[in-house]
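Residue numbers (the numbering used here), protein chains in the order written: chain A, 1 to 271; chain B, 1 to 271; chain C, 1 to 271.
Please keep in mind that the hints were generated in silico from the structure rather than gathered at the bench. Since the structure is predicted, the reported quantities are computational estimates derived from the model, not experimental observations. Ideal placement from N, C-alpha and C gives every residue a C-beta, glycine not left out. Honestly, I wouldn't trust all of these hints.
Simulated DEER-style distance windows between Cβ atoms [as the list claims (entries may be wrong)]:
(1) B:GLY232 - C:PRO186: 58 to 66 Å
(2) C:ASN235 - B:LEU173: 55 to 63 Å
(3) B:ALA83 - A:GLY128: 54 to 62 Å
Here are some chain B residues the structure puts well away from chain C; computed CB gaps all over 12 Å [said to hold, decoys possible]:
(4) ALA7
(5) ILE40
(6) ARG82
(7) GLN237
Per the computed footprint, the stretches of chain A lying under chain C, defined by three or more beta-carbons under 8 Å from a beta-carbon of chain C, are [said to hold, decoys possible]:
(8) 23-36
(9) 44-55
(10) 237-245
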Amino acid sequence: MQFHYLAEVRSKNPLIHNITNIVAAHFSANGLLAVGASPIMADSVEEMEELAALSSALVLNIGTLDADKIQAMLVAGRSANRAGVPVVLDPVGVGATAFRRDTVQTLLQEIRLAAIRGNAGEMAQLAGVAWSAKGVDAGSGAADVGAITAAVARRYETVAVVSGETDYVSDGLKLAVLNNGTPLLPSITTSGCLLSAVCGAFLAVAPANDYLAAAIEACTAYGVAAERAAAGLQNTQHGTFMIRFIDSLAAVTTEQVAAAAKVRWADIEAV
Amino acid sequence: MQFHYLAEVRSKNPLIHNITNIVAAHFSANGLLAVGASPIMADSVEEMEELAALSSALVLNIGTLDADKIQAMLVAGRSANRAGVPVVLDPVGVGATAFRRDTVQTLLQEIRLAAIRGNAGEMAQLAGVAWSAKGVDAGSGAADVGAITAAVARRYETVAVVSGETDYVSDGLKLAVLNNGTPLLPSITTSGCLLSAVCGAFLAVAPANDYLAAAIEACTAYGVAAERAAAGLQNTQHGTFMIRFIDSLAAVTTEQVAAAAKVRWADIEAV
Amino acid sequence: MQFHYLAEVRSKNPLIHNITNIVAAHFSANGLLAVGASPIMADSVEEMEELAALSSALVLNIGTLDADKIQAMLVAGRSANRAGVPVVLDPVGVGATAFRRDTVQTLLQEIRLAAIRGNAGEMAQLAGVAWSAKGVDAGSGAADVGAITAAVARRYETVAVVSGETDYVSDGLKLAVLNNGTPLLPSITTSGCLLSAVCGAFLAVAPANDYLAAAIEACTAYGVAAERAAAGLQNTQHGTFMIRFIDSLAAVTTEQVAAAAKVRWADIEAV
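Construct the complete structure from the given sequences, taking the supplied hints into account.
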């Protein structure tokens, strides 16, 4: 697999418009700057049309929703669709409440998504799979998570990214299995939100027919940067890891990503 | 005093629902993860009932209030009360404005609180003591702060926690005086907000008749983790302390907390 | 140039009221604490009048606007004006959308500003200069940026601060050129927002006829603290720099600021 989108992000500094939650806003902005993109966080409906059209990608994150933010997401999403700007959805905790499920359904109906990034539980919900019966712990069936990933991709005609101990990326036809990362990643809050934003940055510099490769590179660069940040740390050093991870996102090179990448294609099983 | 709730938090990973302010959201979520709990920050009234019932504790923080958030707090609080989920209130800056005083009065009338955590000035306001005449500086009368703590506990039939250079915890009948901590703690923003959230995590794993002990252990573990993080730092190293404190919250053991704990019972004086 | 306002901030701990964005809130509060001020972040219209009158400075930041926040800014700004409390405006991304341009025009009409702090692109927009034609990159004409600074100061009868690789500060009659700083500063999000807040802290302890000197000292102390934090770091160590910068804001002395200061007066050219 050829890696070249990290270099593109750094040379083009794409403007990434984020409608995100109050927990993730600062960390996502710093992570986007580190990886080479230019973040803007804004969620007032009055400026959504202009901002979405100015931007190179739009990232919608439902972490701390309210009615105004949903309206902003709809206006921004439609505007991005008209402008040909890729839209990434992060369906944070979509299974937790009816409000989140309904909101995500509305967003899925109204907006054409370039990618959806979630954890296994969130994506199982989108695939209509009774995941909670199995729990959302890592290791509860790797093949199944891959199948869920492909099912979400097919159902919503998008690139689906499921992150966890193992990451899965699919466009519904192909399924990549990624094994970079560290247990320290889920120990810091909004590390999934930042990955969604980073996927937005990589899609921003890719042609629409190569979003699958861009998402795979985004996840791989993210995982390799995390591995490098975690080197030598104990598993309780959450805070130190968070800071080193920002350093590492800025420092990691394409060569380092390529050398450390653990990417393989897998067969898609039925859900 | 037996310490066992930190271990319970780590083994049960209780879901802690926070309705909190835009300053504290990220740090509180990371601190809760570090201590072993699972944070969710959400404040849209549409999902409050479901979330409060799903959660093992609810933490209400009035730092950046607005009318919608107050409604969310009321719905979530009543739902938590019905479900038997402990509710912790952090009355940030309650003495500063009529809006905060009125909001806190409404919350106190409508919601049964398992604990209230504030600084001396905030808790004096709740106790109806003319504290501002004395100033809110540390050292302006230790016995008085203990009396204020007990008065808040009695008046609102709750566990009251007053944090500062010395912490006080009372259920109105007993009063504990805690002397762990570091001057670096108030040098980082929202360290009080995180303590309230951590109290929520400890109460989440305790039976209702043992909330006093759970709150004492929460404050002691917090103070000991802070002492360990501050070791070797200069008093200007605010940023470094903030990061090491997250590491320390994740690393500190029950044995370390018990060995370093400075807890004593005190007589309750009249306010 | 005599530096004495940093010492005043530390001895008086002025209360700085911030109506700010969800990205900057936590970092700005920590930076204000580090420099010696006491931050309060609040934006509910119900408490704006009381808070603005209690505070020693008010900082308005339009990063993540909405209609409610605009009303809060207007009420707080007018209240601060009546109380003689200095108001600082940070017109984040004012050129990006009509909503931001209109909001800033309303704020400029309704509120008397002690200072406006922005980057070159934002301030060119306020000066009515066609800056986007030249790009907003550093090095696109130092004399021009100085002229823009003075033009904003004259047009709005305020102290104008343009930060970038070189900082410019003007009251419309005099123009100071400041050359402290580090390329790591723009690599961390909301470093401009924090500078605006720090300007608020310095103006809070200055007489109104000395706001120019206070703003120059604020920018210089900020730049020198950043230089000291960056010493020995690689330009990819964004996260480490962010933490060390908070440490450095707390540790830097007036003597260190004075010794490292690179401040000169310049002639004001026509825009």
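Comparing the hints with the structure gives:
no., hint, verdict
1, B:GLY232 - C:PRO186: 58 to 66 Å, "violated (32 Å)"
2, C:ASN235 - B:LEU173: 55 to 63 Å, "holds (59 Å)"
3, B:ALA83 - A:GLY128: 54 to 62 Å, "violated (28 Å)"
4, ALA7, "holds (30 Å)"
5, ILE40, "holds (17 Å)"
6, ARG82, "holds (28 Å)"
7, GLN237, "violated (5 Å)"
8, 23-36, "holds (count 6)"
9, 44-55, "holds (count 6)"
10, 237-245, "holds (count 4)"
The structure is inconsistent with the numbered hints 1, 3, 7, although it conforms to all the rest.
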